[in-house]
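Trainee: As they're listed, the protein sequences go chains A and B.
Residues 1 to 484 (UniProt numbering) make up the first sequence, in order.
Residues 1 to 484 (UniProt numbering) make up the second sequence, in order.
These aren't lab readings, by the way, just hints derived from the structure by calculation.
Mixed in with the good hints there might be a few duds.
Restricting the straight-line Cα-Cα distance to at most 25 Å, the calculated cross-link-like pairs of lysine to any residue (SDA-like) are [claimed, not checked]:
1) B:Lys9 / A:Lys40
2) A:Lys40 / B:Gln103
3) B:Lys43 / A:His256
Quick list of the computed label-pair ranges, beta carbon to beta carbon [claimed, not checked]:
4) B:Thr364 / A:Asp87: 18 to 28 Å
5) B:Glu285 / A:Leu85: 16 to 26 Å
6) B:Ser292 / A:Glu220: 49 to 59 Å
7) A:Leu42 / B:Pro30: 55 to 65 Å
8) B:Leu85 / A:Glu52: 47 to 57 Å
9) A:Arg8 / B:Gln275: 28 to 38 Å
All figures in this text were calculated on a predicted structure; none of them were measured in a lab.
Positions of the beta carbon are idealized from the N, C-alpha and C atoms, including for glycine.
Here is how the chains run, residue by residue.
2 protein chains.
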Amino acid sequence: QLRSLNERKVLNVDTMNPNVKRIEYAVRGPIVQRAVQIEKELKEGVKKPFTEVIKANIGDAHAMGQKPITFFRQVIALCAYPDLLEDDKFPEDAKNRARRILQACGGGSLGAYSASSGIEVIRQDVAKYIEKRDSGIPSNPDDIYLSTGASDAIVTMLKLLTSGEGKTRTGVMISIPQYPLYSAALAELAAVQISYYLDEDKCWSLDVNELRRAVKAAREHCNPRALCIINPGNPTGQVQNRQCIEDVIRFAAEEHLFLMADEVYQDNVYMEGCQFHSFKKVLFEMGSEYSSVVELASFHSTSKCYMGECGFRGGYMEVINMDPDVKLQLTKLVSVQLCPSIPGQALLDLVVNPPQPDEPSYATFIKERTANLHILSEKAKMTEQVLNTVPGIHCNPVQGAMYTFPRLTLPEKAINAEQEQAPDMFYCMKLLEEMGICLVPGSGFGQRDGTYHFRMTILPATEKLKIVLEKIREFHKRFTEEFS
Amino acid sequence: QLRSLNERKVLNVDTMNPNVKRIEYAVRGPIVQRAVQIEKELKEGVKKPFTEVIKANIGDAHAMGQKPITFFRQVIALCAYPDLLEDDKFPEDAKNRARRILQACGGGSLGAYSASSGIEVIRQDVAKYIEKRDSGIPSNPDDIYLSTGASDAIVTMLKLLTSGEGKTRTGVMISIPQYPLYSAALAELAAVQISYYLDEDKCWSLDVNELRRAVKAAREHCNPRALCIINPGNPTGQVQNRQCIEDVIRFAAEEHLFLMADEVYQDNVYMEGCQFHSFKKVLFEMGSEYSSVVELASFHSTSKCYMGECGFRGGYMEVINMDPDVKLQLTKLVSVQLCPSIPGQALLDLVVNPPQPDEPSYATFIKERTANLHILSEKAKMTEQVLNTVPGIHCNPVQGAMYTFPRLTLPEKAINAEQEQAPDMFYCMKLLEEMGICLVPGSGFGQRDGTYHFRMTILPATEKLKIVLEKIREFHKRFTEEFS
Ligand SMILES: Cc1ncc(COP(=O)(O)O)c(C=O)c1O
Ligand SMILES: Cc1ncc(COP(=O)(O)O)c(C=O)c1O
């Protein structure tokens, strides 16, 4: 009666969850796996045409050498090991912040679970931060849910929104190109992905007519219920103007859609004339006709901006106009996994409540923050400039976020070279093998049929970024010649 | 065309995900919400028959006053703020450990994302820990997936296992009483919960005949594919003997079931004569007839045992005999949310690789660990003893874990007092209102029809635990009289 070795596993690719199989996730896909392998080969002494792999595939600032904000890490160290509160080497404001956080923790320890929606004091600090950011428009701590990175909160919202079968199945509008968390979560939930295309010729801007086209077509086969926006954009680096946000809000109101605003890059705006506008603020400035009805969830994270603290997995979402009964369900849902990481919550508290002008750490904090943002801004400009000097590469301005998504003109022969691989995957894999540069092919984010792109981050240190851009230039020329 | 204020929300209880609505989660349910309210009322000066709420509802050791392990927190502080590596006050072994962890982090920072399955060095340390624990039976780092607490990994495994529709829908066997994460995850996934009952009269032991009954009945209406075991048990506090584990493994092999062993309480064994046996070890000692075929995932966490570091959300799972193609799918699935918290991964590394006998922190570490476990053991005994002196309460020995799940004899009138509420919810709510003691009703964990229980943790500090037990004794007497 026992299983023989040849019998199939209980859990195999035919019996496993089919929704999980449908997930595609390029940011950590085959290119990145090969990059890790190549790094190992280099270590083992295998000869390559390069001595190190430079990774520009993921928005991971510290991994690329960005330094943490001193004050943030001092407070975390104090919270982790409170004996340090007796140490003269730490500034008083860091100690006060640590004491305040510990007081809000169960048993005064980072090691206790918190309320599932997060520590109350921190939710209050988040609300104050949002109020200040949005010129005084009120924010209620009861509308704030802390999360394990923004990813967690985004998936939770999509989960709440998904229901129905067949033609009544929930459809969710996402931009193309998109950050692949969205398509992956929708695949896993078996919700319907409704793609709307950003306009590459207009600097990846969002056109409401395209939203109209997409929702109309989708109503034939599903029930469109939510619209996701990433602003500033990943992978496209655009920053939406106020008018566009108003148009989107009006569209959501007309079409009865729940709005999800992914604003994790809210401090990453580089371009002269561009400015971050939160969906919350624009919504409230449009008057109660909108602000009392449009349902909105917006997301923020410790992972990006000037701090880049990805590893702490801190984040929050604010929900506006959410049905109170649904909020109870949301609270129950997040309870199941107990609570977000407390070090992550603590770090988020510092992001929303950084040193104030009258505090000893203020000057250093401002210096570090400004320096980090300044360097990013320089790198954004350099990336655009250099890439646009390469014949066959077209790069929109990097207005914000940490990425560029340039269009590649590829020779016919290269496009047909590999049947099994998308042409831009073929391109990126060759770039990795020949140059040691790790990028993600555009096909991992979605793009208009017949166009080809890659996504690269602007995060490598300035000198490395120069090398990356030079190598791309050299490679693109050689690649074009080889396949012409 | 705009929505009026009276129009229904896009997202309301009728349109939201029906699987989420089906979730029940008692550990943080109405009793706990009321407890938080009462605490606020006390602060505001509202008069109550007690001056503080004592919470014995959740396995949250630090919140109940248990102190963190000094070495662990020193290393975390060093990792968070590496300037401290220059500080003479930290022992050399803590510094070495911090340097080793930081070296394995991207950019030498806790702020970088890691590989989605966790930092490689830490997965290697986990494998070594398991090998040592299991008397040399090999463990492969490629079988280790780090997670955001054990909760995360458990939900991920259940997700992988769920497929099919109607009579072919995946069924998962879970114990009753159970830890409600399991029923909640199954509800959310719309998988079929197959309940098997633990034998209260035999100290909550697991009887394979009951497993047979349950799986046979379930085959009529679903496809049983996995069997979950919690050992040592939550909420029941039993420790399974070797024979029982062998029987369970044989049963899983015969019935072609994937085994999930929740072993987060592996160091929490108190009772003379009881010992923790890992499923992995027993499986391999049963010979290759079993060890080469039975698929097993086992789970561990930083949250319990002697360290109780719940807030760090560290954990891992080890998968044995998992189909290689499924492993690729698993790796992809965990990639979507990027990676577990790095402070949590670091803390897990310390748990699996604590100070060694030749290191300066060893003596203190052993002293602290022993003290924490000793106190838990004392409290386990005290809890059983005192509760069994109360007429109408029957309490099995607390062999392990951190809980007891005593049976209550309730008067008929109390059982019928409230139509809307389970009788043990009624009991626990009254206990909270009258005595300020917060427990969870047995109905939140599942119990045989017509029996009533509560779950309490043994975590309150010894003096507080005495008060809790005395108050329960007093309350139970009064309650019984009131309703007789
Ligand atoms: C647009 C966008 N949203 C969300 C996230 C998730 O970040 P995290 O989960 O680290 O907060 C990212 C990460 O790159 C992102 O680019
Ligand atoms: C049996 C059992 N499994 C898993 C968990 C989850 O713990 P964590 O997610 O904190 O690791 C708990 C927590 O109480 C538990 O009791």
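Trainee: State for each hint whether it applies.
Mentor: We went through each hint and held it up to the structure:
1. Using a Cα cut-off of 25 Å, the hinted pair Lys9 of chain B and Lys40 of chain A is violated, with the two alpha carbons roughly 53 Å apart.
2. Between Lys40 of chain A and Gln103 of chain B the alpha-carbon distance is near 16 Å, which keeps this suggested pair within the 25 Å criterion.
3. Between Lys43 of chain B and His256 of chain A, the direct Cα distance comes to roughly 43 Å. Violation of the 25 Å bound is thereby established for this hinted pair.
4. For the hinted restraint 18 to 28 Å between Thr364 of chain B and Asp87 of chain A, the CB-CB distance of approximately 19 Å keeps it satisfied.
5. For Glu285 of chain B paired with Leu85 of chain A, a C-beta distance near 49 Å fails the hint of 16 to 26 Å.
6. At about 52 Å, the CB distance of Ser292 of chain B to Glu220 of chain A agrees with the hint of 49 to 59 Å.
7. Distance hint check for Leu42 of chain A and Pro30 of chain B: the Cβ-Cβ separation is about 58 Å, which falls inside the suggested range of 55 to 65 Å.
8. Range check, Leu85 of chain B to Glu52 of chain A: about 26 Å between beta-carbon atoms, so the 47 to 57 Å window is missed.
9. Take Arg8 of chain A and Gln275 of chain B: their Cβ atoms lie about 35 Å apart, and the range 28 to 38 Å holds.
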